[in-house]
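Protein chains in written order, with the numbering used here: chain B, 1 to 370; chain D, 1 to 533.
No lab work stands behind these hints, which were simulated from the structure alone.
None of the values given here were measured: they were computed from a predicted structure.
Watch out, some of these pointers could steer you wrong.
Distance ranges between label pairs, derived from CB positions [unchecked claim]:
| # | chain 1 | residue 1 | chain 2 | residue 2 | range |
| --- | --- | --- | --- | --- | --- |
| 1 | B | P319 | D | G81 | 47 to 53 Å |
| 2 | D | K290 | B | K230 | 45 to 51 Å |
| 3 | D | K290 | B | P198 | 39 to 45 Å |
| 4 | B | G23 | D | F227 | 35 to 41 Å |
| 5 | D | E418 | B | G95 | 39 to 45 Å |
| 6 | D | P432 | B | E192 | 43 to 49 Å |
| 7 | D | D293 | B | A105 | 28 to 34 Å |
| 8 | D | K27 | B | T133 | 22 to 28 Å |
| 9 | B | A159 | D | D380 | 54 to 60 Å |
| 10 | B | G95 | D | P432 | 33 to 39 Å |
Not close to chain D: a few residues of chain B, all C-beta gaps over 10 Å, as computed [stated by the list, open to error]:
| # | residue |
| --- | --- |
| 11 | E123 |
| 12 | A159 |
| 13 | E322 |
Stretches of chain D that chain B covers, calculated by requiring three or more beta carbons in the stretch to come under 8 Å of a beta carbon on chain B [what the hints assert, rightly or not]:
| # | segment |
| --- | --- |
| 14 | 57-66 |
| 15 | 172-182 |
Even glycine gets a Cβ: it sits at the ideal position worked out from N, Cα and C.
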Amino acid sequence: MEGKGVTRRQFIKYAGATAALLGLSQSLVPEIARALEELTSGKPPVLWIQGQNCTGCSVSFLNTNFPNAAELVLDKLSVRYHPTVMAAAGDLAFGVLEETAKELAGKYVLVVEGPVPTAEGGEFCTFGLEKETASFNGYQRRKDKPMTVWMEELVPGAAAIIALGNCASFGGIPAANASVTGTKAVQDIVKEISKDKPVINIGGCPSHPDWFVGTVLDYLINKRVPELDKHNRPKAFFGKLIHENCERRASFDAGLFLEDWNDNNPDMKLCLFKMGCKGPVTYADCPTRRWNSGVNWCVGANAPCHGCAEPTFYKDLSPLYEPLPNVNFLGINTTAETLGWVAAGATAAGIGAHYLYKQLGKKAPEGGEQ
Amino acid sequence: MAQLISIDPVTRIEGHLRIDVEVEDGKVKDAWSSGTMFRGIEMLLKGKHPFDAQQVTERICGVCPLVHGTAASYNLDDALGVELPDNARLIRNLCLGANFIQSHILHFYHLAALDYVDVAAVVNYSGSNAALKAIKGKVAGLVKANDVYPFLPRYESDDYVSDPELATVLVGHYVEALEMRKKAQEMLSIFYGRMPSFVGTVPGGVTVQPTVSNIAAFRARLAELRFWIDNVYVQDILTVAGVPAYQIFFTAGDSGGNYLAYGGFDEDSNGTVKFLPRGYITGNDVAAVKEFDENKITESVKHSWYRDECEGLHPKEGKTEPEVGKEGAYSFLKAPRYDGKAMEVGPMARMLVLAGLELSGKISPDKQKLMPLVKSLGLDAKVMELATEGKFGILPRHAMRALECKLIADQMDVWLDELKPGEPIYDKKDIPGESYGRGLVEGPRGALGHWIHIKGKKIDNYQAIVPTTWNAAPRDKEGNRGPIETALLGLPVPDAENPINVVRCVRSFDPCLACAIHVIHPEHNGVKSFRVV
């Protein structure tokens, strides 16, 4: 450890933070420390490729704290390919992809950021060069290599595949244009290539760094795919409804709603339902985990949750600033039939008592479903 | 004999970029810049609630969601006739500024620095500084394990900074910079909820009221960042610029002498006074900054994978109909032109416009900020020399980014002082039946414009021209090269296997390709024809 510039005390502290990140008991810290030490000696190779992405999930990843990005990239993982970080470019860069896929088949973790366009031979997203050439200004130039071809080459040898962010997991915003680009979620592409290869979807637009780092550490320490929900998202992070854990839930129950941002008294945490909050249909642990080192989160900034962690984001959650229509509020939890709900219905003119009452009595769905 | 070198992917940028250069006698003779990824973001906005535009367009880019969200908000403000309250204007300035800081730091240290510093030299560090010894330990561990990813492989060159002391200091700053840019993102989330993909600005204003406590939380982080920018970032730029082998980069990588700035950071409620002024320069005539007229913007598609019907239009009525495989085309980027000319946008464009206005006396001496800073750093003679020579290359592009970062960070303290807790943050306006709007702002990478047409209270058309579309544009109808293509001409490439100077030049523009290729016309989203090249 000392040779790597880390003291024993720092290391144990870091193991403790990892336990907290994964929601594990602090009594497991020595075990986690041992597992992490083992990791350092045999760092798993990571190939991180980008499809129709915006790099938001990579930028979000850089905001990770426990461990921080430098520790992860240099000490815990062997990040062989990441287009935004790596020193190499051109032939040298994609050469690493091809070599790792060959030499370490069955061993590498494939992280995919952004979905995969399939229309027009995959020409809507290319990187690296094919062996075949085409003429270009009088030269024979090597052709662009489509993302679809890379998936065919990299998926079969992956030990694990992580679809990072809502675009990779579910298609996201690019898939709303699928009629043109033929955009598909990573899991749908993988299914066509290697039927039983598991894909872990880490949703969010962007993904929270803890969701990604926590999933990777969980996988590496426990050597198994973590428990997933019906959308193949780790339950540890996507198992809870935002609305259920929202710091403004009391305002909702009391029927206190924000309707104009100037009305906001900073000390009054008014419910943002009427501003279009999608918290009642969104599963993620944002209210407790918060963002950017715990500094804030969307609702904390007096803005509605836009539901970016849901498979239905963005297309089916628009308009983003209009109240949710026809929501099954009883999907929230088993204690929904409380006085609070009735009070909310009775006092919130915009929502209307009849509307909430109408929802009463409906059956609660499983996590992640609306 | 001439030879074609293809670099794909150009890494350590945002997005998918391919560069082809024709090299003859060890120098670049010609160059082509190709954007190779297409999503088509605006089409899904058609028919949507206009307020959605801010949240959707910020997803154009994960590095600069702030800039797109801000441009969209100004765009909607314009279409709705919003009178923006001062608090909202100031909070937007502060958050835009915080994004400049995080983006500029990210660019120099994490995207550009590996082109100049020999990471391997760190193992030879022999000093006694504890922090640097820890860095040495880290790198030595990687070397020992024979696992030096992601620092190797790389293009080899004999001019990397390889002095162990200096290389170790710079690699140490690379690691520190990760924490610093993270702090800048925390700063943003204080007012805007989170980063990336923030929520705190909306058409009409912002969502968070300034309070004593959020101002204090913001200021504490700003103070730390300002100290680091002054004492680390700016100093490291000066250090790298002082390396003898890099002196050619003061002029090499010149983009052709045309610079455009829309102006950024509003200083008054109607946006007529900007902290970074608007204007444009042609032929490297820095002292003659001309007045910008937004009607002179057009886009050419002669060499882009879009139908010829999209040629020469102003973005207000812009068309974007993809035609993959079009004869003679080689990029998903269009070629934006101002008054028919290719323009470099970004920190250098903004700083040259500012310098030009200061040097020509159009900004009075008591209000000047750039030239006094340049003087205090002892760079004034160099700037005058480059202006006389009429060339600003790779190093000035990096240096001006750092100086701009300092100017903005310093000003942010002033904006914080001007916030008034308890005063309005929002001007509520109804969505009109039909209206046009435009939002022109400056992002870290340069001039950004959003245009909207609202009809029947819904979005009828939405268009954006982003900084990298200006910089990484292909040739236009007249065959004129884009700024990056021009900047590559003449660069030394002694070894075709290691075209390090090509990527140094391209990266100095800080390209963002996801931003640059996002468009599709809402009414004609079908691909009209397709031929595999």
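A quick look at each hint next to the structure:
no.: 1; hint: B:P319 / D:G81: 47 to 53 Å; in the structure: violated (21 Å)
no.: 2; hint: D:K290 / B:K230: 45 to 51 Å; in the structure: violated (60 Å)
no.: 3; hint: D:K290 / B:P198: 39 to 45 Å; in the structure: violated (59 Å)
no.: 4; hint: B:G23 / D:F227: 35 to 41 Å; in the structure: holds (36 Å)
no.: 5; hint: D:E418 / B:G95: 39 to 45 Å; in the structure: violated (53 Å)
no.: 6; hint: D:P432 / B:E192: 43 to 49 Å; in the structure: holds (47 Å)
no.: 7; hint: D:D293 / B:A105: 28 to 34 Å; in the structure: violated (59 Å)
no.: 8; hint: D:K27 / B:T133: 22 to 28 Å; in the structure: holds (24 Å)
no.: 9; hint: B:A159 / D:D380: 54 to 60 Å; in the structure: holds (57 Å)
no.: 10; hint: B:G95 / D:P432: 33 to 39 Å; in the structure: violated (55 Å)
no.: 11; hint: E123; in the structure: violated (5 Å)
no.: 12; hint: A159; in the structure: holds (17 Å)
no.: 13; hint: E322; in the structure: violated (7 Å)
no.: 14; hint: 57-66; in the structure: holds (count 6)
no.: 15; hint: 172-182; in the structure: holds (count 5)
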